[in-house]
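Asker: Chain order of the listed sequences is A and B. Position 367 of the first sequence, counted from 1, bears residue number 430 in our numbering, the numbering being contiguous throughout. Position 297 of the second sequence, counted from 1, bears residue number 360 in our numbering, the numbering being contiguous throughout.
Mixed in with the good hints there might be a few duds.
No copy is singled out in the list; a pair is fine if it fits within one copy or between any two copies.
Below, simulated DSSO-like cross-link-like pairs (lysine-lysine); rule was C-alpha separation at most 30 angstroms, straight line [what the hints assert, rightly or not]:
| no. | residue 1 | residue 2 |
| --- | --- | --- |
| 1 | K171 | K349 |
| 2 | K171 | K338 |
| 3 | K171 | K528 |
| 4 | K526 | K349 |
| 5 | K528 | K349 |
| 6 | K338 | K258 |
These are computed hints drawn from the structure, not numbers from a lab.
Here is how the chains run, residue by residue.
There are 2 protein chains.
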Amino acid sequence: MTDLNGAQALIRSLVASGVDTCFSNPGTSEMHFVAALDSVPEMRGVLGLFEGVATGAADGHARMTGRPAATLLHLGPGLGNGLANLHNARKGHVPVVNIVGDHATYHKQYDAQLESDIETVARNVSPWIRRSSATADVGRDAAEAVAAAAGPPGQVATLILPADVSWSAGGIVAGSAGPPRPTPPDADRVDAVAKALRSGEPVGLLLGGTALRERGLVAASRVANASGARLLAETFPTRLERGAGLPPIDRIAYLAEFAAMQLEGIRHLVVVDAKAPVSFFAYPGKASYLVPEGCEVHVLAAPYADAPGALEALADVIGAAADGATRQPAERPVPPTGDLTAQAVAQAVGALLPEGAIVSDEGNTSSLFAPGLTAGAPRHDWLTLTGGAIGQGMPVATGAAVACPDRRVVDLQADGSALYTIQSLWTQAREGLDVVTIVFNNRSYAVLNMELDRVGAEAPGRKAKDLLDLSRPDIDFVAVSRGLGVPATQATTADELSDQLARALAEPGPTLIEAMVPPIM
Amino acid sequence: MTDLNGAQALIRSLVASGVDTCFSNPGTSEMHFVAALDSVPEMRGVLGLFEGVATGAADGHARMTGRPAATLLHLGPGLGNGLANLHNARKGHVPVVNIVGDHATYHKQYDAQLESDIETVARNVSPWIRRSSATADVGRDAAEAVAAAAGPPGQVATLILPADVSWSAGGIVAGSAGPPRPTPPDADRVDAVAKALRSGEPVGLLLGGTALRERGLVAASRVANASGARLLAETFPTRLERGAGLPPIDRIAYLAEFAAMQLEGIRHLVVVDAKAPVSFFAYPGKASYLVPEGCEVHVLAAPYADAPGALEALADVIGAAADGATRQPAERPVPPTGDLTAQAVAQAVGALLPEGAIVSDEGNTSSLFAPGLTAGAPRHDWLTLTGGAIGQGMPVATGAAVACPDRRVVDLQADGSALYTIQSLWTQAREGLDVVTIVFNNRSYAVLNMELDRVGAEAPGRKAKDLLDLSRPDIDFVAVSRGLGVPATQATTADELSDQLARALAEPGPTLIEAMVPPIM
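Extracted from the complex, chain A is given alone in its bound form (with noise of 0.2 angstroms):
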């Protein structure tokens, strides 16, 4: 029997299979896991102060890295904890790996206070999940953990990891396979692609997850240049990268109304690591499903195949240029003055934005002009909503910056979806990112007033309102944000809004910028 325990093999597997930061909020029943830490050097352990901020941090971090990052839990209410924002990797594909701890295997028949059915809870977001019965194979349990987050497609993985199993001696390191392998490009649907390119009839190139980085974008702009095929992305992009240089694409719109104006007329949508586009939401009397009638998808390749290898190849066999992608040219707003508003907000970091940023999205309505005003700013990576369960722009920024300590993060954050998780504040200070949180205070749920009156319910009354209002009290969160120990500044003027964002990433570590703004509509 080896001298290591369980807890120490385990870290050590995760090191040989590429996990080197944890994003950690433990228990008692995690205490061995903490305790072996300091014994495995090349492990992180990055503290959050509630589990969605582990979470979603350890989903910010893998969007960036390609690699998962893990999470240590405690137990199922901490699993719970940390639930939204694993559904929002598992819509995404991205990969986690969660350790969770559980009561030692001979207490669980006691039904002790926090005793429950942590695999029912976890199986509503990772399709692979295992107990560790024994020390002896937590090691191979945490390699195999990390191989199946990988994919692809990548996903969340849970490993349920006894209090025993932990402490216990005998614990053997093993490591993970290498890199995930994407199923090669299919020549039979490329051939089918092709052909309904060359068919004459109006095609759409949808792209999304993995087809949504550099090598898909020009191989995809280099396909729509040549055919003329219109191009679009998914609404919620994982990992969006844009800015000058690189090929412009329009993200399909969230109002349906929108939406179906860009795939109007489409014949063929050939879908690149993306869905058919649905409704976000079902509205009375309105269509959930967005193809056009009488239109026919084609799926290039799925989330588990090379979408970018895929579309060179179709790129290739359509005799596409292979300069001939279009280059976003480099073109900024100049920083806005005047009346603070969410355009306003969106103009100054279309302005200001520094070369290689990661932009965490959760602006919600306020978002609505960003994307446009940041066209044209240097190359950046914008990550988004994957699976619309809000709590999440906070912790996925503060993940991003773990990950690319050389770059600049802003987190545009709506002010109702801040407060699910703004305990990553603390975290961003504890260890010192640099991280811009610039919250849209419009002291609403805004996007709700919208969506009550989209779904044609009668006209609100007193208590209807009160529950989508975010005033009475007003919430100040130049206050909380200090509270947590990250510096933070109010602007209520456009000048005001510039000035605070070009000091704020000018200076090392976490700052946040409460924009006073009203609602877009």
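Dock chain B against the given chain A, drawing on the hints supplied.
Answerer: Showing chain B alone in chain A's frame:
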């Protein structure tokens, strides 16, 4: 077909079944429920800025009213965010009715962004789960959900409400069958316990759940005084009535070592709506099951049974005097002076707690001295962390204050735990609730520093210690509280704490006091 839509029928049926408060965190799929609130004046909607606030507040409300409150949650992720406090409600046998909105029935097939398996998430906490599939059924489903939640024993019931079932016409109002009826005392069980009491061997009476209210306590104290049995309460009661004029009772200690001393020598342990005691966690080389070797366990009343009635029957069978209960004399400590410690805070609470107060206790290690120093305070209720999932104290305090507008709520709150559901403060401000929150700011997860040692982990290094530490940056709870709309002060001496607590208790509305205390060990 009726003119009522599903949402209107649902809300009216909840009201007809005795549910008059809905702790809400809605999204688009719940907009018709929100819109319908104004048409049913009897239903109060209370907004929480995070689902864990809503579920914990529903728990606190039900503990004080004895009837379920409702929650309104947004699809699977919303339920996920509320899961930890539903776990606590489940462990405390507290009735809660979750209304979880879902996509329209015909929209689910498209696997839209927020699509997930809601039933699976609910299963962990909610024995009763139903999906309303037709508008005409919603009212009956709601009434049955309330009846299922009410028990006995109280439990979590979850009704999933598809958006189109909610917005369509044809709703029918239903009402549930009235208050729950526990099973009458079992004469054989009463006789068996009476025999044990007469055996001359040492007997322990372990009360939990519904036995910890005045009727049960008085009957149990009569039994103990007549028979010499040792009287004990479970470690984490859902609601313990205590203070001057009520029979005093010691709770079984959290630390197994101390619990073993309390139980030492007992040959018959009589459990009354309680479980035979087990250790909260397992520790290497220590027992999980705390009942002494050779001790027989007798179940006088299970959670579905009439526990006070069973205790009264037992008292009568053994011939205990009708006025034979011990009554706690009124006695208070003087307000503390000098250094501020967790003990000084407890002393101040003991000195100042008003008649009829409700104490929500999530002070964790810092609460160690609070029960002793408040034992002779005017009559009050003590609500604890029933399921061990932290982040419950502030929501429970919030819900209890909504339920009892004429009573003062004092929330004893550990700093680490406070950060899980700190958004509760905003709801307290919005609703003008008379809650005084005392945050014990010892800048650490103090319980974990203790547990790290108790689980026998190797000497912790810097990385391990960092994960248990809440400094760098220090959290400024005064700033956070003010940012969320609740006036706050910081106390650094016992005198300041006493003054601030006295002032806070004299003024309407919520207040937070940040008590700067050292860890208790």
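Asker: Determine for every hint whether it applies to the structure shown.
Answerer: Hint by hint, here is what the structure shows:
1. K171 to K349: This pair counts as between: shortest inter-copy Cα distance 15 angstroms, intra-copy 50 angstroms.
2. K171 to K338: between (42 angstroms within a copy, 14 angstroms between copies)
3. K171 to K528: Between copies only: 28 angstroms across chains, 46 angstroms inside a chain, cut-off 30 angstroms.
4. K526 to K349: within (27 angstroms within a copy, 54 angstroms between copies)
5. K528 to K349: within (24 angstroms within a copy, 55 angstroms between copies)
6. K338 to K258: within (21 angstroms within a copy, 70 angstroms between copies)
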